[in-house]
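Asker: Take the sequences, apply the hints, and build the full model.
Start counting the sequence shown at -18; every next residue gets the next number (our numbering).
Hints are computed from structural coordinates only; laboratory data are not their basis. Hints are supplied without guarantee of correctness; some may be wrong.
Restricting the straight-line Cα-Cα distance to at most 25 Å, the calculated cross-link-like pairs of lysine to any residue (SDA-like) are [as the list claims (entries may be wrong)]: (1) 183 - 113; (2) 169 - 126; (3) 158 - 174; (4) 65 - 75; (5) 177 - 189; (6) 177 - 156; (7) 169 - 105; (8) 183 - 118; (9) 169 - 122; (10) 169 - 131; (11) 169 - 97.
As the structure is a prediction and not an experimental result, all values here were calculated from the model.
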Amino acid sequence: MESIAVIMILHQHGQLMEDLQVGAEVSRHESAVDWDRVVYDSLSRICGSGTENLVSASLYTSEDQDVLICFVNSPQGFTYLTTKLSSTSFGISTQWQIYAPLAFHLEPAQIANEAAHILVCNAMTPTPQNEEDFNNWYNDEHILLLSRSPGWMRSARYRLVDCSHDAPRYLAMHAWKSRSAFETPEYKLAVETPWKVRVVDKVTARERHVYDYAYDLQKLAG
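Answerer: Following this line, the structure appears as structure tokens:
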């Protein structure tokens, strides 16, 4: 079943436990097992016992930021988690965003898997006058060109539903086997077209993050 929402919980690298107030700090570099457990316990605190409302939950990391990406596939789960996030006390370094999938994607919207990969999260807000052109560019050109690049795994698009801060209206997630894909001629063609330049020049907000896949948090439940 496809997800009806993706929830992103972003926080400064290493600040998850302090921001979620889950107990004594454990450095991920000191004990990977303890860190994994604390992250999973933190997720359970947000999502409920056993994280039964989730299709998948995975941790991605970068040098300065970690992100929990959770997929939900039922209206009940969506309502529950939206309420839970809104009522959870977060620290200043943690933000959350909830997105609903758009109809167009080349692979199932569930991004996370066990294979090593990187995840590019591109979020933008077009002007109202440019919104149709923006969506046409993504659907008719950009993702199709990306899919022809060596190392591409999957792409999916989302629109913002709710957030704890000002966040861009549209999100695209692109999974790649490695960063070497960015050096290929096919990738460079996909990101340098005249249509892309015209569209991106008119957005009012833009964020881009590249994360390394760490692990599937739900495997810790067993």
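Asker: Does the alpha-carbon distance linking residue 183 and residue 113 stay inside the 25 Å limit?
Answerer: 12 Å, holds
Asker: Keeping to a limit of 25 Å between CA atoms, is the pair of residue 169 and residue 131 held or broken?
Answerer: Answer holds: residue 169 to residue 131 is near 11 Å, not above 25 Å.
Asker: Within 25 Å, alpha carbon to alpha carbon, are residue 183 and residue 118?
Answerer: 13 Å, holds
Asker: Taking 25 Å as the top limit, are the C-alpha atoms of residue 169 and residue 97 close enough?
Answerer: Distance ~23 Å between residue 169 and residue 97 Cα, so the pair holds.
Asker: Are the Cα atoms of residue 169 and residue 126 separated by 25 Å or less?
Answerer: 10 Å, holds
Asker: Going straight from one Cα to the other, do residue 177 and residue 189 come out at no more than 25 Å?
Answerer: Roughly 15 Å between the alpha carbons, so the hint for residue 177 and residue 189 holds.
Asker: Quickly compare the C-alpha distance for residue 169 and residue 105 to 25 Å and report which way the hint goes.
Answerer: 20 Å, holds
Asker: Taken at face value, is the distance from the CA of residue 75 to the CA of residue 65 at most 25 Å?
Answerer: 15 Å, holds
Asker: Residue 177 and residue 156 were given as a pair; does the straight-line alpha-carbon distance stay at or below 25 Å?
Answerer: 20 Å, holds
Asker: Check whether the Cα positions of residue 169 and residue 122 lie no farther apart than 25 Å.
Answerer: This hinted pair holds, its Cα atoms lying about 14 Å apart.
Asker: For the pair we were handed, residue 158 and residue 174, check the Cα-Cα distance against 25 Å.
Answerer: 23 Å, holds
Violated hints for the displayed structure: none, as all numbered hints are satisfied.
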